[in-house]
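*Asks:* Residue strings, one per chain:
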Amino acid sequence: MASLVGSRVERKEDKRFLTGKGRYTADINLANQTYAIFIRSPHARAKIKKIDTSKALKASGVVEILTGEDIAKDKIGGLIAGWAIRSEDGSEMKCPPNPPLAKDNVNFVGDPVAVVFAETLDEASAAADLVKVDYKVLKAVASLADTMKSEAIHEGIEKNLCYDWLLGDRQKVKEAFDKADKIIKLDITNNRLIPNAMEPRACVIDYNTASEEITCYTTSQNPHLSRLIMSAFGGVTPENKLRVIAPDVGGGFGSKINLYNEEIVCSWASKKIERPIKWVAERTESFLTDTHGRDHITHAELAVTNDGKFLGFKNETIANLGAYARVFGTVTPTYLFGPCATGVYIMPAAYSNVKAVYTNTAPVDAYRGAGRPEATYTIERIVDKAALELGMDPIEIRMKNFPTEFPFKQTLVHQVDSGDYVAGLEKAKQMSDYDGFAARRKDSESRGKLRGIGVTSYFEACGIAPSPVVMMLGCGVGLWESAEVRFNPTGQVTVYTGSHSHGQSHDTTFAQIAADELGVPFENIDVVHGDTDKGTFGMGTYGSRSLTVGGIAIVNACKKIITKAKKVAAKMLEVSVDEIDFKDGEFVVTKSNKKKTIGEVAFACYLPGVRDEVKSPLPEGEEPGLTETAFFDPANFSFPAGSHIAEVEIDPETGEVKLDKYTAVDDFGTIVNPTIVEGQVHGGIAQGIGQALTENAEYDSTGQLITASYMDYTMPRADNFPEFQLGFTCTKATTNPLGVKGCGEAGAIAAPPTVMNAVINALDGQEIQMPATAEKVWKACKSIKKINAKAA
Amino acid sequence: MKKISIEVNGKKVKKEVPDHTILSVLLRDILNLTGTHIGCDTSQCGACVVHVDGKSIKSCTTLAADINGSKVTTIEGLSKNGKMHPMQEAFKKMHGLQCGFCTPGMVMSAVDLLKNNKKPSDTEIRDWLEGNICRCTGYQNIVAAVKEAASKM
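Chains as they are written, first to last, in this note's numbering: chain A, 1 to 792; chain B, 793 to 945.
None of these hints come from the bench; they were simulated from the model. Fair warning: this is a prediction, and the values are worked out from it, not measured in the lab. C-beta atoms are modelled at their ideal positions from N, C-alpha and C, and glycine is treated no differently. Just to be clear, a hint being listed does not mean it is correct.
[Stated by the list, open to error] Under 10 Å between C-beta atoms, here's a sample of chain A residues computed to sit facing chain B:
1) Leu-18
2) Ala-197
3) Met-198
4) Asp-248
5) Val-280
6) Gly-503
7) Gln-504
8) His-682
9) Gln-687
Full structure from sequences and hints, please.
*Replies:* So this is what it looks like as structure tokens:
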């Protein structure tokens with residue numbers, strides 16, 4: 001039987017999505033449901049003086065109106081930070097309370113203060129307009145650069161500073177810098193982004209007054225964790241009385257990792273009003289209240305020798321947490337960022353210092369790549385600047401500093417098990433026709449255009465683990481994953497995973513893995529996820545962990561199945577276990593070629609007896625049934641890596657940047673389904689290019705989000721992109737049995753510096769900040785001599 | 793209230809709805825055709841695209857009352873006798889979808905493109921789909937799917 005791992009199998013999930021039969025949260029309607037509308041602060045920072053609901057309560061169709069005072073009275077807990085980070089001086093990070101409905105203070109535009117439940121959406125909307133909230137407006141802290149000089153927005157959190165964190169050795173870095181021929185300096189911003197999953201957040205809640213069970217359908221990347229937080233920290237109801245279902249979810253990209261105010265409020269309220277509740281975000285609500293991403297200001301320095309060897313690196317960053325610290329908010333700019341700061345290079349000394357601050361803006365949390373795009377952007381931009389200042393080729397300087405032996409002990413934390421950075425960059429160089437660039441540049445210039453080429457080599461740390469290490473670093477939970485593999489008596493298999501697919505194709509790839517392990521046809525395997533009542537507790541999907549952690553749990557559960565089934569087969573075939581081989585779904589006696597299929601064995605496990613004789617196929621001590629559970633906690637992170645090369649052409653008359661060519665060569669270890677992996681890479685690259693060229697979340701000085709719709713926030717469209725050229729190299733991960741590394745975030749990590757290096761190369765090395773909009777580029781073109789000379 | 797008489801996916805529909813009822817709301821909440829999605833409120837994302845009298849339109853900014861007497865086709869009406877439309881088949885074959893949320897609108901829009909242009913170039917496909925946002929695929933496999941469908945239709 002041919003292996004399915006590595007095959008371009010078409011997706012199991014597609015037919016339902018293509019025929020309109022997907023079931024997303026907003027598609028769910030329950031009998032007798034009420035509709036919720038949240039009343040949100042229009043101010044970035046204010047004190048709530050009074051909320052008057054009297055007029056609204058009398059409006060048509062209103063069932064109930066609840067406020068921050070009501071939720072405080074019921075002692076419902078708020079949202080939490082998932083990681084506790086310590087400052088360089090040893091002090092614990094400082095986190096403000098984040099109640100589900102604000103009672104005394106609001107801290108960003110969109111912070112919810114009250115909620116209306118009514119018979120129809122129109123009635124809820126109309127009544128919401130009648131709720132009067134009296135605010136005392138305070139001066140907002142909206143500018144990241146000025147935050148630490150501004151008034152504290154949360155009581156007791158001086159300088160608005162959550163922590164001042166250090167990774168690395170300042171003294172060693174100083175010594176390295178003292179020996180340098182040259183210090184390269186770079187000041188950059190990593191622009192704030194809004195993840196923009198196409199499905200707006202939503203929840204539908206059902207409370208059963210008899211069983212006292214709450215069912216919460218929600219748009220979540222990790223329903224199990226949402227249930228845990230809502231029970232353990234929210235105190236809404238005990239875990240056994242709460243079922244969280246994340247059905248089909250229309251994209252996440254990190255924005256649906258968190259449990260949100262609305263899920264807690266509606267779950268709590270459904271118990272009070274004893275009616276089902278439906279809430280669906282409008283797009284502007286999503287812009288205002290989904291967690292945002294990135295938003296760093298960084299000063300970096302690289303110490304080099306004249307021949308381009310790196311000696312040391314420092315990274316001083318201010319990271320915006322927004323108004324509150326959420327689940328991955330505090331770890332994204334620290335342990336997901338700092339260790340990757342030195343990139344794919346041998347760097348004798350380095351440190352990352354991060355000051356994470358609060359502002360009156362939406363909470364900032366993990367967004368595709370989470371910390372690693374920011375780290376990669378910094379190192380890859382400064383390496384290019386070093387090449388420029390030293391008069392070296394960008395590929396040459398990278399090659400010169402790559403490690404060539406693996407495992408590679410990376411400067412700050414990671415022990416990188418495998419990789420071949422030289423091969424990846426060589427392949428990208430060849431595929432992109434790097435050597436032909438000079439001719440293409442000449443051609444562009446003959447047409448009055450500027451042409452630039454940009455290179456990036458990256459690595460990332462995925463599948464965040466093992467649990468004892470992440471918990472030692474401050475994580476509030478372990479980051480293992482679970483799987484249950486269940487044979488039906490008639491031979492089909494159901495695989496339950498604790499991870500969650502919201503576009504990643506688990507129905508297909510996990511079935512491919514199980515099919516290979518069990519020798520059961522792909523068609524006979526179903527994958528179930530996203531329901532806390534189905535399968536074991538799991539940790540969800542983010543950080544490219546589904547395959548590298550969750551996929552391996554499936555492999556391990558399958559191996560347990562085979563171990564048991566082999567014993568049963570041995571008894572059925574009347575031989576000892578070591579006389580049997582398992583291959584392609586059959587247990588075969590090596591000497592006699594007598595065999596039992598795994599289906600026959602599964603059947604016997606569930607029906608362990610025969611007519612007219614007391615005889616069991618089960619060996620002494622074996623239980624009936626054929627179902628196994630496994631929890632996998634990896635020994636280390638996994639480390640995908642690669643090199644991307646982009647070419648842009650700029651029209652100096654308009655400043656328009658045309659992305660002309662994009663080549664990506666990635667090493668994800670073993671590839672389970674090349675088609676699906678390519679799709680993940682395309683999507684990641686597109687988001688990364690969006691960051692580099694078009695996207696920017698902009699708050700004004702009063703804390704109003706002025707990019708709160710698709711008319712203002714420039715989402716990349718089909719006509720923004722060329723056809724991407726993809727290539728792969730493969731060094732297998734040594735830390736898991738499949739050799740997989742994860743692929744979901746790579747594109748978003750590599751693309752921003754690749755494109756910006758190309759833009760800045762076209763601009764003769766003039767620094768501009770992301771996004772490279774036509775206006776910024778046009779201004780930069782003004783000071784380029786060769787254009788001015790031509791114009792004159 | 794407005795009386796509306798339309799044909800949806802080949803079936804006659806008569807309803808009395810509030811004047812301000814949007815077509816996407818009529819389809820999703822009254823007719824339970826939840827394949828048509830709502831991804832924004834500003835006619836930008838295209839997740840709500842359906843066909844009215846054979847032409848693709850954004851149903852989130854169309855009043856139900858305004859299309860009285862029309863024939864509407866939604867994603868649910870594209871398959872015939874349990875067989876997917878060649879465009880749906882092509883999206884599956886070329887992996888032109890990931891989370892599936894933008895997909896119904898994307899497919900309906902692409903079907904209309906091929907009515908207007910039987911063999912569109914890559915650039916023409918990308919230009920036509922400019923009104924449909926996909927956050928997952930980077931559009932590459934969507935373009936490939938439309939080309940694949942064009943070769944089969």
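*Asks:* Indicate, hint by hint, whether the structure satisfies it.
*Replies:* Verification of the supplied hints:
1. Leu-18: Holds, about 4 Å.
2. Ala-197: holds (6 Å)
3. Met-198: Where the cut-off is 10 Å and the nearest Cβ of chain B is about 4 Å from A/Met-198, the hint holds.
4. Asp-248: At 7 Å from the nearest chain B Cβ, A/Asp-248 passes the 10 Å test, so the hint holds.
5. Val-280: holds (8 Å)
6. Gly-503: Cβ of A/Gly-503 sits 3 Å from chain B, so the hint holds.
7. Gln-504: holds (7 Å)
8. His-682: holds (4 Å)
9. Gln-687: Hint holds; A/Gln-687 Cβ to chain B Cβ min 7 Å, cut 10 Å.
Violation of the numbered hints given earlier is absent; every hint is satisfied by the structure.
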